[in-house]
Structures are given as C-alpha cells and as structure tokens.
Amino acid sequence: MTAVIEVTDLARTYGKVAAVSDVSFSIEENSICGLLGRNGAGKTTLMRLVTGQEFASAGEIRVFGENPVENAGVLARTCFVRESQVYPDGFRGKHVLRAAAHLFPNWDADYAARLVDEFRVPLDRRMKKMSRGQRSSVGVIIGLASRAELTLLDEPYAGLDAVARELFYDHLLRDYSENPRTIVLSTHLIDEAARLLEHVLVVDNGSLLMDAAADDLRGTAVTLVGSHNSVERFATGRPVLGWESIGGLSSVTLTGLSDADKADAVAAGLELAPVSLQQLIVSRTRGAQEA
Amino acid sequence: MDESRPIFVQIAEQLESQIIDGSMREEAQVPSINDLAAFHRINPATALKGVSLLVDQGIIYKRRGVGMFVAEGARERLVAARREAFGDDYIRPIVARARALGISPEQLIEIIRREAAQ
Amino acid sequence: MTAIATPRVATARRIGTTLRIHAANPWAIVYTPWLILMGVFLLNFSIWHLVLRAAGDRGVNPDAFHYNGGVSWVLFYMVVVAVQAMNQTFSFVVGLGATRRDYFLGTAVLFVGLSLMYGVGIAAFAGLERATDGWGVSGWFFAPWTFATMPLWEVAVVYTLVMLFMFFGGSTVAAVFVRWGANGIILFFASVAVLIVASLYAITQLEAWDAVGQFFSGRDAIQLALMSLVVTVAAGFVGYALMRRATPKG
Chain C
589 MTAVIEVTDL ARTYGKVAAV SDVSFSIEEN SICGLLGRNG AGKTTLMRLV
639 TGQEFASAGE IRVFGENPVE NAGVLARTCF VRESQVYPDG FRGKHVLRAA
689 AHLFPNWDAD YAARLVDEFR VPLDRRMKKM SRGQRSSVGV IIGLASRAEL
739 TLLDEPYAGL DAVARELFYD HLLRDYSENP RTIVLSTHLI DEAARLLEHV
789 LVVDNGSLLM DAAADDLRGT AVTLVGSHNS VERFATGRPV LGWESIGGLS
839 SVTLTGLSDA DKADAVAAGL ELAPVSLQQL IVSRTRGAQE A
Chain U
-11 MDESRPIFVQ IAEQLESQII DGSMREEAQV PSINDLAAFH RINPATALKG
39 VSLLVDQGII YKRRGVGMFV AEGARERLVA ARREAFGDDY IRPIVARARA
89 LGISPEQLIE IIRREAAQ
Chain D
79 MTAIATPRVA TARRIGTTLR IHAANPWAIV YTPWLILMGV FLLNFSIWHL
129 VLRAAGDRGV NPDAFHYNGG VSWVLFYMVV VAVQAMNQTF SFVVGLGATR
179 RDYFLGTAVL FVGLSLMYGV GIAAFAGLER ATDGWGVSGW FFAPWTFATM
229 PLWEVAVVYT LVMLFMFFGG STVAAVFVRW GANGIILFFA SVAVLIVASL
279 YAITQLEAWD AVGQFFSGRD AIQLALMSLV VTVAAGFVGY ALMRRATPKG
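Chains as they are written, first to last, in my numbering: chain C, 589 to 879; chain U, -11 to 106; chain D, 79 to 328.
It should be emphasised that the hints constitute simulated quantities derived from the structure, not laboratory data.
Using N, Cα and C, we set each Cβ at its ideal position, and we do this for glycine too.
Just so you know, not all the hints are guaranteed correct.
[To be verified] Taking lysine-lysine pairs in the DSS-like style, the calculated list, with each CA pair at most 27 Å apart, reads:
| id | chain 1 | residue 1 | chain 2 | residue 2 |
| --- | --- | --- | --- | --- |
| 1 | D | K327 | C | K717 |
| 2 | C | K717 | C | K682 |
| 3 | C | K682 | C | K716 |
| 4 | C | K850 | D | K327 |
[To be verified] Computed, partial: chain D to chain C, Cβ under 7 Å:
| id | residue |
| --- | --- |
| 5 | A101 |
| 6 | A102 |
| 7 | R131 |
| 8 | A132 |
| 9 | A133 |
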C-alpha cells in the first residue's frame, strides 16, 4: 500500500524544549489513523509539521511523496481542522464556510448544508460568540465536507456533547465508507474512537511510544485479579503494565499472555478482566513516565 | 463489543453464530461491508477484515457485482469446527474452576447431567 | 467506493481564493470604512453649519473650512486593516491550508484593489465637492489643503499611493510583531529612530540642510507620494520575507 505521510527522524525544538524528537512513522492511504497521547505530548505539533504550517528543526516529511511546506499541490489535497483555529474578527459561521468552499477543491456544499442542519450550527453568529461546541461543529463540518484526500482532525469534538459526538462518528464512518480517504484523528477519548481506528500512533513527550495496528493491540493485555500471593506468583518474570492492591486483593495488568497462559491463570483461581485500548495506552504512557 | 479481542474477529464470530442458528441460511445474502460497518459503528476496513476471514475459510463467497453469500455446507462446517474447539474453549476452564473448588470429575459430570435434564 | 482525486488549481485561481476569503466579510474592509468616513464628513458638515450660524452676519474667513484633516482617518484605518490581516487572516487562511505565498499575493492584490477603490472614490467625492463649491459652504473635506488645487486624477493617485504605503507599511510592521513580538517592535522603531538621528547628524555635518530643503520644497504632493512608493515596495519585499518563516497561530 502507498504511504500518504512518511516522516523520518522528525524533530522540532523551541530553544531547549523539544516538542517533537526523533519521530518516524508512515501512514497508509485510505485508512483512519489515531494520533493519541496526553495533552502537550506533541500531537498538534506533529500535525502542524505534516501540513507545512510548522517548520521542522530536523528530519524529513513527505506528504503524497513531496515536502508539504509551501507546496500548493499537496496542501490543496489536505485539510487540517483544530479547535485552536484562529478566525478573523467579525467572521461569522457562514463566512468561514464560504472561505472553506473556496479553499477545498472537492468541497461538497450540499453535504455541508446538511451537516449544518444536523449539528445545529448558527451560521449567522460570529465565531467568537459561538459556544465551544458550536465552534467544534464548524470545524467538523469543514473536515467532513472538504472531502480532502488527507484530512487531519485535531481533537475535533472539544465541547461537543455525547449526542453530537455520536453524530460525528456516524457521519465520519459513513462518508469514509462512501469516499475513502486518509484520516488522522487526534483524541484523548480513546475508547470512544477505538472502533473507528485502524492504526494507532501514541505520542508521549514528543516521541513516538507506540505504532501499531489497532487490532494487534486489542487483546494483548489482560488484567488478573485475585489474592495477592496468587497474582504475584503469576506475574513474576512477565512484563507488568500496572499493579494495584487493596487489602489482600491485587490486580495486575500484563501483556503477552497466550491462551494457554490465560487458562492457567483461571486454573490458579485468578479472574481475568479485559483491558480496553484506552487503559492499555494509559498504562503504557504512565509507565513510560515513571521509567 | 468485547475489549479483549480484535473487533474483526468478533464480527466474524457474530456472522458465524447467525449462520449456525439459522438466521442466515445457505445461499442467503450477507450484509454489505458498508452496512456492517454502519450497523456496528466500526471502521469499514475492520468489517472487511472480519468478512475476509470467513471468505478465506470458504464460509462466505463473493459474487462479482452482486454481493456476498453464505456458502453451501457452511453451517455444517462451522458446527463441526465449533464442536472441535468446544473442549478447549469451554470445558477446560470449567474443569479448572471445578478443581479449584475441590469438585471431583465425577461430581462435575453429575452436575452436568442435572443441568442437561432441566 | 471510489477513492478521491483532487484537481490541480492554477496560481491565479489560488490567489483569487485568498482575495475571496478577505472579501467574505466586506464589512471590515469596505462598508465600515466608507460608513465612518461618511459619518466623519457629516460631522464636519454639521460643525461647519453650526459655525456659520454662530458667526451670523460677521461671516467667516473664506478659507476657514479648507484645512481639514478628517479624511486622513481612513488612511490610518488601513493600517488597522493591514495589522488585522497579518494577525488574524494570515493564521486563518494558512491554517486552513493555503500557502504563505498565495496568501501574500492574494492580500497584496487586495491592498492594491482597495487602495485604488478608495483613491478613486475619494477623488470622485472631491470632484463633487468642487462642483458644489465645497458643499455650498466652501468646505474642503475630501480634498483639503493643497489637494484643492490639484487635478482630480492627481488626487486619486496620491490617495492611492498613500493608502498603499499604509497597507504595506502597516502589514510589515505587524509582520515584525508576529515574528519577533514586542521586542521586535521595540528594536524596529529603535532602529528607525537611530537611522533618523544618524541622517540628521550626517546632514548637519555635511551642511546639507539647504539641499534637503530644496529637495523637498521643490516637490509637490504627487512626487512625494511616488517616492513613498519606493518605501512601499521595499516594505512589501520585507513583509514577504518575514511571512515565509511565520507560523500561523492556533
């Protein structure tokens, strides 16, 4: 499969602070990739670098095979939407959508109109006067209706309530099915987005912590709960992601257990609990911090 | 949706269960990838992966331009496969638990007989 | 299920895109300045009539209403428009995926277009002003001071060139701020001050004040305006150089 984004040894430093350091990955075309990580981990910086809006301190970026910086051909096929988007004073929702229609060659005005209705965006209101959720809705509408071959959505549903978020997931999936493209979605609501993601990139403190297919990650970890002694006996010699104790009860999260191992655990009287993608990533990120 | 296994595996299992319990008969049309994705609210690539699993096993086949259909003999093959795996999937954990509680194999068989008689 | 393909877009169209984005909200750059200009004019007009009423039979000097600065407000407002463009529209347009080059070219075309519109528009009102003998009260608002005796086409040219100076000068200073922040601005104006003092010193040392005086007094408004064009173009180049390394906010 062709790679839409190829990043090699990418770094971005501000003075002494490295917002991004030594990052390499590639994203396949026509897939949904999750860019996950804590606030301030470097997700937004990475997206800005990939869209040529931020300048790399070191390393190479190739989007559609070319350097994206000041590259009109590449940027016309790209759409980057984020909550922190700046809007000119006095610009109303309708002005912003009009601007988007001009900037994106594949813009679908009918689709945008339908989305405006469904997300209930007050187009006549100034962007500055809109609620956080309404501003996010505008961003989401731009991200979807642009039908850009590469669409990057940075925390697109900040301020959206649960209903609006479900609406967003549904629309994203439906439009992605009918118009396949490459979507990079950064979020800290991992479990909600988990079923959308084909690939997962986890960023922590500017470096890439995990780079794997979502399916490969799911089910790699399991939590064993039982008496402290039994748990300890089972956990020795295995990589531990997390450990909690209360009274004589302990729970340990482990990776790399085979089906036989799991059966042994049950035989030993331990209970098995599944570990969600979010828990897995949180454990790994926390573990990396403590390391 | 179970957290402990890849989603595409669960999709495949759900389709298998539907074939086994008869809600999808042989030569019946299987829902399209997009429909499956929309219904389960998952990525179409994942739905495709799950269906492909079954296509590879010969449970489902594709008819170009028309859609996907349940293969002939699919149900028998699935039932046979599940029967084979039954011991590993279900009996082994029960035996282990029984052992942990101090229930002997004979007592276990008696419990099973009682349950089956109801 | 077909994958998306994106058509290639020509440079001219892309520049037009930035233009259209600026124009998406015409209030900031067209309606509001004209409205306030009319407001200031009407304010002056009312004041003239009040003064005439108060003067009564004594009347007023024939050139009482000739030295009016009201129209210059719109010239300085263009600096505000330019600063807003650098601060906000740049981040908006580049943030949504345009290149800095396309943004700069589109905005430059906008500046030229706006300058022409205002230049010709104000000159047209000046024409009306003259035709009505200063709105019936010999009041010169749109073409005060020496503008009153200049041919209308010169009025248009001078206003256009001054507007251009305000736009490009303003946006370049704003670009300095965006790039280097408050420290940059301080440094910039300090450098300008140093340059001015150095020139004054040099002129004094070379006893060249007469020459300087002759140079400026011999020039009329239009020649000065044309000289400002040199600064305007220089500001344009500097502005672009700064913009190429600027990152959009947000």
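Hint-by-hint comparison with the structure:
no.: 1; hint: K327/D - K717/C; verdict: holds, 19 Å
no.: 2; hint: K717/C - K682/C; verdict: holds, 13 Å
no.: 3; hint: K682/C - K716/C; verdict: holds, 13 Å
no.: 4; hint: K850/C - K327/D; verdict: violated, 51 Å
no.: 5; hint: A101; verdict: violated, 10 Å
no.: 6; hint: A102; verdict: holds, 4 Å
no.: 7; hint: R131; verdict: violated, 39 Å
no.: 8; hint: A132; verdict: violated, 40 Å
no.: 9; hint: A133; verdict: violated, 43 Å
Consistency with the previously given hints fails for numbers 4, 5, 7, 8, 9, ordered from lowest to highest.
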